[in-house]
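S.K.: The chain contents come next:
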Amino acid sequence: MKSIIAILGIFLISATGFAQNKNAKASIEVDGVCGMCKERIEKASIQAKGVKMATWDVNTHQLNLIYNEGKTDLTKIQQSIADSGHDTQDIKAKDEVYESIDPCCKYRDQQVVDDHKDD
Amino acid sequence: MKNLLFVLFILPFCVFSQEKITGTITENINNKEVPLSGANVYWLNTQVGTVTNFDGNFELNYKPEYKKMVISFVGYKTDTISVDSPKKIRHSLKSTANLDEITITARQKASSRSFIQSQNVINVSSAELLKAACCNLAESFETNPSIDVNFADAISGTRQIKMLGLTSPYILITTENVPSIRGASQAYGLSFIPGTWVESIQITKGAGSVVNGYESIAGQINAELQKPMMDDKLFVNAYGSGNGRFELNTHLNTKLSERWSTGLYIHGNMRETEFDKNDDSFLDAPLMQQINVMNRWQYTDTENGYVGFFNVRYLNDEKQTGQTIFNPKEDRGTTNAWGSEIKTQRVDVSGNFGYVNPDVPWQTAGVQMAFSHHDQESYFGLNNYNIQHNSLYVKLLYNSIISDSRHKIKTGVSGTYDGYNELVYTENFNRVENSVGAFFEYNFDNLNDLSYSFGIRGDVHNTLGAFVTPRFHLRYTPWNKSAIRVSAGRGKRSANIFAENQSLFATSRSFNILNNGGNIYGLDPEIAWNYGISYMQGFNIFSRKADITLDFYRTDFVNQIVVDWENPQQINFYNLEGESFSNNFQAEFNYNPFEHFDMRLAYKYYDVETTYLSGKKQTPLTPNHRFFANASYETHQTAKGGNWKFDATYNYVGEQRFASNESYLNTIGLSEFSPSISTLNAQVTKVFSPNFEIYVGGENITNVKQQNPIVGSDNPFGTTFDTTYVYGPIFGSSYYAGLRYRIN
Chain A
1 MKSIIAILGI FLISATGFAQ NKNAKASIEV DGVCGMCKER IEKASIQAKG
51 VKMATWDVNT HQLNLIYNEG KTDLTKIQQS IADSGHDTQD IKAKDEVYES
101 IDPCCKYRDQ QVVDDHKDD
Chain B
1 MKNLLFVLFI LPFCVFSQEK ITGTITENIN NKEVPLSGAN VYWLNTQVGT
51 VTNFDGNFEL NYKPEYKKMV ISFVGYKTDT ISVDSPKKIR HSLKSTANLD
101 EITITARQKA SSRSFIQSQN VINVSSAELL KAACCNLAES FETNPSIDVN
151 FADAISGTRQ IKMLGLTSPY ILITTENVPS IRGASQAYGL SFIPGTWVES
201 IQITKGAGSV VNGYESIAGQ INAELQKPMM DDKLFVNAYG SGNGRFELNT
251 HLNTKLSERW STGLYIHGNM RETEFDKNDD SFLDAPLMQQ INVMNRWQYT
301 DTENGYVGFF NVRYLNDEKQ TGQTIFNPKE DRGTTNAWGS EIKTQRVDVS
351 GNFGYVNPDV PWQTAGVQMA FSHHDQESYF GLNNYNIQHN SLYVKLLYNS
401 IISDSRHKIK TGVSGTYDGY NELVYTENFN RVENSVGAFF EYNFDNLNDL
451 SYSFGIRGDV HNTLGAFVTP RFHLRYTPWN KSAIRVSAGR GKRSANIFAE
501 NQSLFATSRS FNILNNGGNI YGLDPEIAWN YGISYMQGFN IFSRKADITL
551 DFYRTDFVNQ IVVDWENPQQ INFYNLEGES FSNNFQAEFN YNPFEHFDMR
601 LAYKYYDVET TYLSGKKQTP LTPNHRFFAN ASYETHQTAK GGNWKFDATY
651 NYVGEQRFAS NESYLNTIGL SEFSPSISTL NAQVTKVFSP NFEIYVGGEN
701 ITNVKQQNPI VGSDNPFGTT FDTTYVYGPI FGSSYYAGLR YRIN
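Protein chains in written order, with the UniProt record's numbering: chain A, 1 to 119; chain B, 1 to 744.
No farther apart than 20 Å at their CA atoms in a straight line, the calculated lysine to aspartate or glutamate pairs in the EDC-like style are these: (1) A:Lys22 - B:Asp359; (2) A:Lys92 - A:Glu29; (3) A:Lys38 - B:Asp449; (4) B:Lys77 - A:Asp57; (5) A:Lys25 - B:Asp359; (6) B:Lys94 - A:Asp57; (7) A:Lys49 - B:Asp445; (8) B:Lys408 - A:Glu39; (9) B:Lys68 - A:Glu29; (10) B:Lys87 - B:Glu19; (11) B:Lys645 - B:Glu634; (12) A:Lys25 - B:Asp79; (13) B:Lys343 - B:Glu377; (14) A:Lys92 - A:Asp109; (15) B:Lys67 - B:Asp79; (16) A:Lys49 - A:Glu39; (17) A:Lys38 - B:Asp445; (18) B:Lys329 - B:Glu377; (19) B:Lys94 - B:Glu258; (20) B:Lys87 - B:Glu59; (21) B:Lys410 - B:Asp359; (22) A:Lys106 - A:Glu39; (23) B:Lys481 - A:Asp102; (24) B:Lys68 - A:Asp57; (25) B:Lys77 - A:Glu29; (26) A:Lys71 - B:Asp359; (27) B:Lys481 - A:Glu39; (28) A:Lys43 - B:Asp445.
What follows is a set of in silico ranges between Cβ atoms, one per label pair, in the way DEER data are often shown: (29) A:Lys49 - B:Pro35: 30 to 36 Å; (30) A:Lys49 - B:Asp79: 29 to 35 Å; (31) A:Lys49 - B:Tyr652: 53 to 59 Å; (32) A:Asn21 - B:Phe646: 55 to 61 Å; (33) A:Glu99 - B:Phe310: 54 to 60 Å.
Derived coverage of chain A by chain B (criterion: at least 3 residues anywhere in the stretch with Cβ under 8 Å from a Cβ of chain B; other residues may be distant): (34) 21 to 27; (35) 37 to 48; (36) 55 to 62.
Source of the hints: derived by calculation from the structure; they are not laboratory data. Note that the coordinates shown come from a computational prediction; the quantities given were computed from them, not determined experimentally. Backbone N, C-alpha and C define an ideal beta-carbon position, used for all residues, glycine too.
Given the sequences, and given the hints that come with them, work out the whole structure.
M.R.: Rendered as structure tokens:
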């Protein structure tokens, strides 16, 4: 019985220990133009440690995230996305990385953006 | 003065451009609007946006050219609202609660395979189901090359489906993921689900998931039924055929409140006209009548993440067949005339209830329960066969992720109870089966070129014993628009030898069970391994979409209850000793050569062999070669939503081996192999508006017929009487017409 109480106590302590939200929600702006961008942005987000779910909307450019605040923060996540070639609201992708993405994904090019208008 | 006017004119715009819009974003919790902090509010296609504060309030710059405001928050449905003046905004966001176990990707194509899923699943949408205008679940597979539809025998008019060359007992057939066509309903159950009740079908080739049980061997077929919330308010389908069959389907759906909807689905069919076109004194198609009523209740509370269904169904089905002069009241139990009646009553009560955690949308839990009572009373000439089957099924399911949404898990427990009570001629067979089991399935998807799932379940069963069922699926995409799939898995089941082989009663054969002291009719459980590999490639021909799929599946039986028809006077059931397998190769080609025209070609090769007492042989009535072609075309929609639709299906079935030896077959007018046959079905639909359409069609237009489907029809109580030597259509061509009327 004593051990059960002890175990319960440990559970409670560990539960209160998580003051940081394990399922923090955030929504950030990420630039992109098409379904391939969506795949790349979501993959880059989820591959960042601590991100549990990522959905990017091609029309609104909003990336909805659920992530563990104890393991990561928005800056780290945005860095990971920028490293994949997409500008986020706070971090711009390096030009050489941007150049390496597929020609149809060149969201900085107004011509490409216009081409996707009718999609 | 002019300048002043100009300034006065321009001033309001400047004032406007300075204007701010305020508002509050809330969510609905237990019918109360609660402020939602941290929600994104911004103008569509602009950089102008903000986030709601702790009280759900926001303030945002407003310009008249901003027309659409987007409100979004992770875990909630993104809303876009029109704003035409800077008034105060109040808006409630809905959480994206979604409990469907199987997500069906919305596509234009009527039936499709995914490039992404790890399992080899073919989705059949309602559009595809309309191509086969008639009438029940069995017939709705006639336009699908992965399922073969055959006649079960020469008298009952029932269709039998096969997958990978194996009969339907080896396919796990579920309705809304609850095993439904099994046990007593195995023989006729597909005709107990009206086609219009079916919203969509998912066909999984190969092992399939462990979530729905251990019984599937060749594959799984899941039928999703119409949902009261989504289905038309009123739907009427009337059908009449030159072969005497009439059907009427009515759906009534009502939304009772924000959360409750209910639907009443009524089906009736009948055939009262007697046909004996081949003059063998037997009816070519049975006289029948069916009443089938279902009531569904749907509960949806997306704010709090609760969804549920509750269903009740009652079925009464009566068939009469045999000689045209047979009168059931006077001739039953006599040798005046040969006749048969099959009367089935069935009650189904089922419910499922699910919860999606609104905070973490990947966390869902659900419970499913289903009870059925099945009562069949029948006789075939002098042979009586009755079966009662009570069945209870309970499943608890939990879905979540490990670390992130690339790693999904499904786990849960399930339990079954099946009580059987059979009368075979004069002998009683009673059996109770029950089991409890637990399952776990892990899915990985790297969001790119690889996904796989590994499932395992352990079950304790009173007649099958304690056993483990592993299943594995993998999908790899080596290059663009391709998918290579590999699957392997084990299945185990108890064979209901009489219910699954009811055609034996309409013969003069005697049955023998070569008992080895096993638990199920003195026999052992059936165990098989299934392995599959599939390659799919999409490409363009003259810039039009096309795809090709190559499938190879092998099923290896460790044990099988061999159904041995080789001795023409007997049917023998015994445990497999030696090899039994099914090899199936399928090549399928889909092409869209021009707008609104789709074609599908498929070639199928089967090598299904079993070791009988008389040696290893091809399973009877299983052709080595089949060819399938379907073409469909529809005209452009008019402004009113009307158009024409054309659909044609061609089937070639190669020669099939008859059971028993050549010298005997010659004495009854058959040779060792049946001739090959080709059939053609076609249908034309005229859609007048989204509310009304009529269709006409022809079945077996080229009028292909098996000349003498009933062996020994001149002496049905003699020793050679047999209705199971059926390889092709009995009826010849028939034409039908019908209408569909709906109010949304």
